[in-house]
Amino acid sequence: MTYVRWSQCLLPTWKEDPGEADLPSHKLMLRAGLIRPLAAGIYTYLPLGWRALRKVEAIVREEMEAIGGCELHMPVVHPADLWAKTGRLEDFGPQLVRFLDRAGREMVLGPTHEEVVTDIARKEIQSWRQLPLMLYQIQTKFRDEPRSRGGLVRVREFTMKDGYSFHESFADLDAYYPKVYEAYRRIFSRCGLAALAVEADPGLMGGSGSHEFILPNPFGEDTVVTCASCGYAANLEWASTRWEEEREPLLPREEVATPGCTTIRDVARFLAVPESKTAKAVFYKGEQGLIFVVIRGDLEVNEAKLARVTGCADLGRASEEEIAEVGAVPGYASPVGLKDPRVKVLVDRSVETKRNLVAGANKEGFHLRNVNFPRDFPAQWVGDVATVRDGDPCPRCGSALQVQRGIELGHIFKLGTKYSQALGATFLDREGQAQPLVMGCYGIGIGRLLAAVIEAHHDEQGIRWPLALAPFQVVVAVLDPKREDQVQAGASLAQGLASGGWEVLVDDRERSPGEKFHDAKLVGIPLLVVVGPRSLQRGQVDLERREDGLRRTVELSTPAVREAVKELLATAGC
RNA sequence: CGGGGCGUGGCGCAGCUGGAAGCGCGCCUGCUUUGGGAGCAGGAGGUCGCUGGUUCAAAUCCAGUCGCCCCGACCA
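Using my numbering, the first residue of the first sequence is number 1, and each one after it goes up by one.
As a list, the in silico DSBU-like pairs of lysine-lysine whose alpha-carbon atoms are at most 35 angstroms apart:
hint : residue 1 : residue 2
1    : 123       : 179
2    : 344       : 277
3    : 339       : 285
4    : 482       : 566
5    : 85        : 123
6    : 179       : 418
7    : 418       : 285
8    : 179       : 566
9    : 339       : 363
10   : 285       : 141
11   : 285       : 344
12   : 15        : 141
13   : 418       : 344
14   : 179       : 141
Derived Cβ-Cβ restraints for the label pairs, each shown as a range:
hint : residue 1 : residue 2 : range
15   : 400       : 209       : 24 to 32 angstroms
16   : 287       : 429       : 30 to 38 angstroms
17   : 84        : 429       : 22 to 30 angstroms
18   : 276       : 320       : 23 to 31 angstroms
19   : 181       : 398       : 21 to 29 angstroms
20   : 311       : 16        : 50 to 58 angstroms
21   : 79        : 311       : 29 to 37 angstroms
22   : 492       : 62        : 27 to 35 angstroms
23   : 101       : 337       : 55 to 63 angstroms
24   : 320       : 209       : 33 to 41 angstroms
25   : 513       : 570       : 22 to 30 angstroms
26   : 482       : 571       : 31 to 39 angstroms
27   : 378       : 84        : 34 to 42 angstroms
Keep in mind the hints are simulated off the structure, nothing from the lab. Glycine included, each C-beta is placed from N, C-alpha and C at the ideal position.
Work the whole structure out from these sequences, hints included.
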């Protein structure tokens, strides 16, 4: 082991915040010289960032190996016909980068590797005796995202740990899945992150069960719903709430004039009823036509939930013309008396459980009082498509739910046989019968995880690496590199620490002491050792801990400094 | 893809009612300095994103285009 000299490594720092960045982690990764942009959502990792990234990878590898994972490495470039077989050549859409090779064969850049790993499994797994098997890799993915954002939070080219498990039965997958879940918890915890594990929508991946690991963060792109009392936690696209059945007697339906009231707010105010006593119409356009969603006036439709209930993958809001075309009056649309067979009605639980609501009359300037489902109109679907709000009752225990933003760090899925069936990946079971492999898949965005670590571990002066992820544990600042005694002392000290197993960076740049102190804090090395004239004349060096500024002066000797470093880092909270 | 913003030395920005491209930081050289982002002196570095137009004259006005950022849509 040796040490790294700052002057001989590309470790640039910036004094000022970059104009392009908003997120703390994005600003700090640029200022501390971890990353540099090449194009939108495409970054170079500079040496310091790369070291930190490799620390994250090391933790991920250890935990994957601990649950029996075997690392392999699959290609970035895949033949498109493999993707055509699972239907995802179309499903992935423009996110999937496609191109032709010189022979005119269509190729794609891998956005994920279910197809390739299943192809491997199809060829290599023949017997139940080879199962279960967990394969994983840490590898570059490319997804041509419509919008990258937030530095490493959402990028187009990124490093992902993706793991795939193969089982002889759903029961075996069910038994294995919790091990991955626990491994993920350990990974995030070792990275110093209090990640939430939430129930999630399997979405495009398909499959029967799924959890996301989310770091609560105001800049996060995901929204999670949690219950402090019972521990319920779900992605907003999956979360539900509890509906109390209203008990009041059904009243006769009546038409009332509501001139000029085209919004729920207008109607509720005009008729002096709360918005929760109204039903509104929201129109969507799906593959099989128009969908008329009837939902309580004070609630919003969640499109992911709507897609699941209706089975429509491609949903969009319908235009006014499309609404009018089926005989509905925009602003006064009503499920009552709707006749056009092209429209399918979906009743949200919020309306199913309510009584005597105000709804449109499908007539300009009129609404209906005391509308009740199913007395007054039929529906193709009844389901939960409402967006959960902060304070809504928990579906399990009824306590108030919290809604917060977060960064998705990892996602695990029970895939089932979607890919093995599509690609014909079968094995012979204990009875000698060919069966499709049962699969799970498990992803972690490594770069995003690194960004999340910085989101959680920084202060106004810079990054504060957790010890396990610090690119170096110790930085030795030689205050005046023109003075031979300081250079010598710094070098021998650094060598002594390095041979003791620490990763050491020596700041031997010709900079003022102030800059070195500031940069040490900016790049976030857990421990700073100062070799300067003041202490050196007494045969001493000064140590300063990043996380709390704790300082200590010790004798300039390898054993003494090693001892002090060990103690200061061992007692650190990071 | 819709909405908004921004493209001027490496970084952060000013200049924009048209008329000699500037400031701070950084960088280079020299001297002084050296324990919390030093001082002085000298210096290098810019087709003002690109293309076209208007004009005697364009960083500045107009049109188009490309790029980047933010919000939304989208999204393992």
